[in-house]
Amino acid sequence: MSQSYSSRGSVSRIDDSISVPVRLFIFSSLIWLLVASVLGVIVAAKLQVPSFMGECPWFTYGRIETLQRNAFIYGWASNALFALNLWIMSSLARFELKSSWLPVLGGVVWNLTLSYGLIQVLLGQLNGFALLEMPKEVAPALVVAFMFAALWPAVAFARRPTGNVFVSQWYIIGATFVFPVIMVIAQLMLLWCPTLGAMQALVHSWFYQNLILLWLGGSALSAIYYFIAKESGRTISAYYLAAVGFWTYFLFASWTGPATLLGGPIPVWLQSVGVVAALMMLVPTVILVVNFVGTLAPRNGIVQSWNNTTLRFVLVGVVGFTLSALLNIAFSTRSLNALVHFTQFSQAQEHLAIYSFVSMVIFGAAYYILPRLTGSFWPSAKLVHLHFWSCTAGTVLFVVAGLTQGWAAHGRTDFAFSALPGLLAAALLLVGHSAFVLNALGMLTAESAPSNRRSY
Amino acid sequence: MKNLNLILAGVFFTLAASFGGLLLSGQVQIGQLNRAPAEEGGPLFPPNEPGLAIQGRQVYLSLGCVTCHTQQVRPAGQGNDIARGWAARPSVARDYVLQSQILIGSRRLGPDLMNYGARVKSDNELHAYLRTSMAGSVMPAYGFLYTQSKDGSFRPTEDAVALVAYLKSLKIDYSSPEAKLKQ
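Top to bottom, those sequences are chains E and R. Per this note's numbering, the first sequence starts with residue 4, numbered consecutively. Per this note's numbering, the second sequence starts with residue 242, numbered consecutively.
It should be emphasised that the hints constitute simulated quantities derived from the structure, not laboratory data. None of these values were measured; they are calculated from a predicted model. Treat the hints with care, as some may be off.
In silico BS3-like pairs for lysine-lysine, Cα to Cα no more than 25 Å straight-line [unchecked claim]:
(1) R:LYS362 to R:LYS423
(2) R:LYS421 to R:LYS362
(3) R:LYS412 to R:LYS423
(4) R:LYS243 to E:LYS233
(5) R:LYS243 to E:LYS101
(6) R:LYS362 to R:LYS412
All chains, full assembly: derive it from the sequences and hints.
Structure, rendered in structure tokens:
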């Protein structure tokens, strides 16, 4: 992997202006990533040895798994995406952040609130809705913190000096808009003034799909567009389709919720609407894949990308996105869904989306952003290799084991499965993440000399 | 597509459309359901939960049981939930109207519990299962729900008693206007 940094030892004025909040977001995301990885190993170990840490109600499988999921989504992925979105938008819109204390305040409140919420979960105050388990008083604080931390890309976009616009910017604006809206609506309709009975399942599915596909997925797609164009130096192939891809992605993704409730206690016509929306996701998926692969594949581009640290991670992310999107489309159809619903297969589908796709793209982006932000090199190339191979092996193992075991479970009436591949995968991810965190912390703490800073 | 307001308006429209199309229309259709008799003039279903079961629900929630157990039975054409004997009929929206927070779940590391109360034989069997788990099961033993007295016998704590009452209250052994039990 070549290390090609155009401005060794120097930090641009734009990067300097957003340096403090972006560092804070990345630092917090690294801590949460470690927490989530350790919890991930515990969760996997509990499936292998059910009595492991079983003497105390604090460490039941349900609570630890909930902690792991929330720490991963709200701690790691969301913090990292705050940093990514702000950085990408600032660099595209030539934006200098004047009042960086506002996003810093937002980041601090976000992480304190999250810590409070997770402690409450550990103590047994939890709700039954995935990713909304934290007590209801947490949500308003999270939304307010989000406003302070994440709305700066919109400001940057509105104030950009030129009229130019790139597809990444649309995705960032869209994703940033979606999160507070769905969070407020879901919290209102589920926890503060709960809707009746089975309606809650419908509301939750709507929230969940929007959170994964639009907030996490939309932000990560923006990063893929940006880094593919930036690092390969090529223009996006079939760029005229990108706008269609963006609008169809947002339009159809937000209707796919009921497709996750097939056979559930909600009206059948709503389930069918969800299935149709899930099938229509084929349109944005094809466009996105044409944009991504069409840009990278010609003229030996894949090999060149493989030799570039950022693009190597992004490539895995593109594969993860494609596979995840295609599986979601195929397994939203009633007949296939009936076979794998509720099994490890669905777990593997979700892992593909939030890890193989979103997290891998974040890793790739971090390898590009951090050197520019700190003005120093990655301390160890060995750790970069360890990070890549360990995480790639871990995620492939997790997905393959989940898909095959989930598929094999259909038609059976027992719940037997082998937990060993999952445990191995969790251990591999922990190793990879530790290498990444070690490397990144080394970089964040090494202060570049002031004389190295130049402005242009 | 260069104007911030235009993009925001578009994204707002996509969200508003799905909110209206899915959630508002869902609310109109199933948001106001009431208990109903299986046939004209009969008793209303679902039955009220006993007080102890409502306490047990909190224990179920707090231990995170919903992570591994669903509470929904799919109809015969959609999966083998009924064929494997979990219930005689699928669960329908009306079955959930008395629950302040539904625990429908999305993952099955263990059996569905929608109709568990109708399947389980006795309190003692359930207590034994919770305390020691079952050989080969991935479910851990919840030993902390029990205290051992001097003569070596195990006594269930208040939480365990409530949890068992809750699990036994989970039944869809009645006909509903939307889903009749098979004759």
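Evaluated hints:
1. Under the criterion of a C-alpha separation no larger than 25 Å, the hint pairing LYS362 (chain R) with LYS423 (chain R) is consistent with the structure, at around 22 Å.
2. Straight-line distance between C-alpha atoms of LYS421 (chain R) and LYS362 (chain R) comes to about 24 Å, which keeps the hinted pair within the 25 Å bound.
3. Of the pairs offered as hints, the one joining LYS412 (chain R) and LYS423 (chain R) holds, with about 15 Å between alpha carbons and a cut-off of 25 Å not exceeded.
4. In summary, the hint linking LYS243 (chain R) to LYS233 (chain E) is supported, as the alpha carbons are separated by about 21 Å, within the 25 Å threshold.
5. Between LYS243 (chain R) and LYS101 (chain E), the direct Cα distance comes to roughly 23 Å. Compliance with the 25 Å bound is thereby established for this hinted pair.
6. The straight-line distance between the Cα atoms of LYS362 (chain R) and LYS412 (chain R) is roughly 13 Å, inside the 25 Å bound, and the hint therefore holds.
Every hint, counting from the list given before, is met by this structure.
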